[in-house]
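J.: Chains A and B, in that order, are what the protein sequence lines are.
Residues 101 to 430 (our numbering) make up the first sequence, in order.
Residues 139 to 238 (our numbering) make up the second sequence, in order.
Be aware that one or more of the hints could be misleading.
[Said to hold, decoys possible] Below are the EDC-like pairs computed for lysine to aspartate or glutamate, each with C-alpha atoms no more than 20 Å apart in a straight line:
{"id": "1", "chain 1": "B", "residue 1": "K237", "chain 2": "B", "residue 2": "E204"}
{"id": "2", "chain 1": "A", "residue 1": "K303", "chain 2": "A", "residue 2": "E160"}
{"id": "3", "chain 1": "A", "residue 1": "K133", "chain 2": "B", "residue 2": "E191"}
{"id": "4", "chain 1": "B", "residue 1": "K237", "chain 2": "B", "residue 2": "E207"}
{"id": "5", "chain 1": "B", "residue 1": "K145", "chain 2": "B", "residue 2": "E204"}
{"id": "6", "chain 1": "B", "residue 1": "K211", "chain 2": "B", "residue 2": "D229"}
{"id": "7", "chain 1": "B", "residue 1": "K211", "chain 2": "B", "residue 2": "D161"}
{"id": "8", "chain 1": "A", "residue 1": "K133", "chain 2": "B", "residue 2": "D188"}
{"id": "9", "chain 1": "A", "residue 1": "K133", "chain 2": "B", "residue 2": "E177"}
{"id": "10", "chain 1": "B", "residue 1": "K145", "chain 2": "B", "residue 2": "E214"}
{"id": "11", "chain 1": "A", "residue 1": "K299", "chain 2": "A", "residue 2": "E160"}
{"id": "12", "chain 1": "B", "residue 1": "K145", "chain 2": "B", "residue 2": "E207"}
{"id": "13", "chain 1": "A", "residue 1": "K336", "chain 2": "B", "residue 2": "E179"}
{"id": "14", "chain 1": "A", "residue 1": "K133", "chain 2": "B", "residue 2": "E179"}
{"id": "15", "chain 1": "A", "residue 1": "K336", "chain 2": "A", "residue 2": "D395"}
[Said to hold, decoys possible] Simulated DEER-style distance windows between Cβ atoms:
{"id": "16", "chain 1": "B", "residue 1": "D161", "chain 2": "A", "residue 2": "L132", "range": "30 to 40 Å"}
{"id": "17", "chain 1": "A", "residue 1": "C279", "chain 2": "B", "residue 2": "A181", "range": "29 to 39 Å"}
{"id": "18", "chain 1": "B", "residue 1": "F174", "chain 2": "A", "residue 2": "L103", "range": "42 to 52 Å"}
{"id": "19", "chain 1": "A", "residue 1": "L132", "chain 2": "B", "residue 2": "A181", "range": "25 to 35 Å"}
Worth flagging that the hints you see were computed from the coordinates, not collected in a lab.
Everything numeric in this text was worked out from a predicted model, so none of it was measured.
Glycine is no exception: its CB is placed at the ideal position from the N, C-alpha and C atoms.
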Amino acid sequence: MTLLDAVQANLLSPAVLFFVLGVFAALVRSDLKFPEPLYAGLTIYLLVAIGFKGGVAIAEAGLAQVWLPALAAMALGALIPFWTYPVLRHAGRLAAVDAAAIAAHYGSVSAVTFIAATNYLQAVGQPYENYASAFLAVMESPAILVGVVLGRLATSRGSGTAPDPARTSLRAVVHEALCGRSVLLLVGALVVGALCGPKGMEKVGPFFVTPFQGVLALFLLEMGTVAGRRLGDLRKVGVFLLLFGVLTPLINGALGVLLGHWTGLGLGGATLLGVLAASASYIAAPAAIRVSLPDANPTLYLTASLAITFPFNLTVGIPYCLALARWLYA
Amino acid sequence: MQTHPMKLLTVVCEAHARTPVLDMLRATGAHGWTLFPVEGEGAGGCRTADIPEFTNLQIQVVVRLEVAEMLLKRLEREFFPRYTMIAFAADVQVLRQGKF
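So that you can see chain A by itself, here it is in the shape it has in the complex:
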């Protein structure tokens, strides 16, 4: 399968097509809008389902097999801001606080991109380690914390504008990053799944596994409208961030796939680690950054992660990681 075949197979999946439909609805200013509780309900379902499946897989595989790649995933997430920050700062000439905020978003991960990738692997018949959801859980927070520290170090040296009301403590940031609902649900469901094991899966499988693809398609329809409404902001962010939003996933994706290979993951698992590294957070990171680095410009980091990198990964980034892994494992 060439890269082009892989991209084609991905583009014609219900998930991606519904995403495109959502973008179209936003562009033609349709009145299509999901009620907020439905959006919140779909998020909870997807996170719990993926976390639970991952937990059951950990129970089956044993922690001994999971801890090394999970630790590597965590380290990768934490280290990504250290190379993206200087690039944004010097090549992009962005303010320190903006560079730190964007770096945090790219080190952190997008659960939806990950879920779409597992969907894609199933569709092309590529087996993967189900416990990869654990990598998703451990990669979300470290980069946010690193980004916030980078931003605070940079700003404490310069700009003496008005006192920042949220500056009180790093404790608030840690709380936001570790107790936000996505991390809480994901880690919680992982633990529940690990404790229940395969027997628990028999009981909830019909609810959490069978309707999963349909729910994902519905959710991506909504995300298409959310991303589509922000396409207008692309004009505000400039060419550099456009390039950054497309090239960074290619580089980070390759790093993730390589790391998966080195830590003994199979082809599918390495692909997923690549997708995680390539993805950028647009829910957890903005919430934490807005509170802890309020001087960073949200248009820059939200547009980059939500309007550029997310659609790019959904369409090209995921098959790119699989093609790369196939080439590496060949």
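Once you've looked at the hints, dock chain B against the given chain A.
T.: Chain B in isolation, oriented as in the chain A frame:
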């Protein structure tokens, strides 16, 4: 019926400002608040309110006159430069002065 003059302070802000604004309200002497998600359009563009993270919040609090002045000052100095928000105060009459 005995009523007392108070200020009704209304803050309309982005959802991400929720925690810092509420913390500040408490620290400055407000005894309670009411909050609801809203959507709207203003100088900062349209807040589509499509997902909870991108919605606007309207926070209302009834406080004594001197507390209202202090709250508005802090909002202007610490919050307006950073968050998308507006704030305004209005005169109101309340029963049970001690609650505020």
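J.: If you check each hint against the structure, which ones fail?
T.: none
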